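Could you put the whole structure together from the sequences, leaning on the hints where they help?
Those letters in the sequence shown? Residues 45 to 199, per my numbering, in order.
These aren't lab readings, by the way, just hints derived from the structure by calculation. As the structure is a computational prediction, the values presented were derived from the model and not from experiment. Everything hinted at is true.
Derived SDA-like pairs: lysine to any residue, alpha-carbon spacing no greater than 25 angstroms straight-line:
1. Lys97 <-> Ser124
2. Lys97 <-> Thr159
3. Lys185 <-> Ala146
4. Lys97 <-> Gly162
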Amino acid sequence: MRSVTTVPRESGWTLIETMVVLALLAITTDIAINAWANILSGSHTLEVVQGVKRLALQARHQAMLTNTPVTIQATGCTWSASYAATPPSGVQPLPPPVEAPAGARCGPDFSGTYTPNGLWVDGAQTPTAVTWSVQGAGGSKGVIVLHAGGAIDVQ
45 MRSVTTVPRE SGWTLIETMV VLALLAITTD IAINAWANIL SGSHTLEVVQ
95 GVKRLALQAR HQAMLTNTPV TIQATGCTWS ASYAATPPSG VQPLPPPVEA
145 PAGARCGPDF SGTYTPNGLW VDGAQTPTAV TWSVQGAGGS KGVIVLHAGG
195 AIDVQ
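Next up, the structure:
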């Protein structure tokens, strides 16, 4: 009878095992990076919507406080506020414009005014509601609604 001798295997990993581990690591890393990008995009969208809400609230407050209409304009992904007439001296400045991050989709463009009694009116001075939305690059979406009666909703 013939005896079979086995050669002891050296410890370590083969090239195939190493390549499989690296492939799994690359796939896991790709998934994690995409998930992180979506989380960041969602937080940026929320920041924009909250910033727009603050701008609208401050504009309405200043219109009522100063008895001077305040116009809000949304162009693309930028919201800005300005006094429609010269306000009394010593009035607090309006907040700076709010901009969505690059790659976001926003709309629609509009312009409207908060009257001294706090109502939201369009260019024809007709009380009306307006809905504006922003969608981040990762798919997260935020919506803000300015109601004719002055209420502001964030969705």
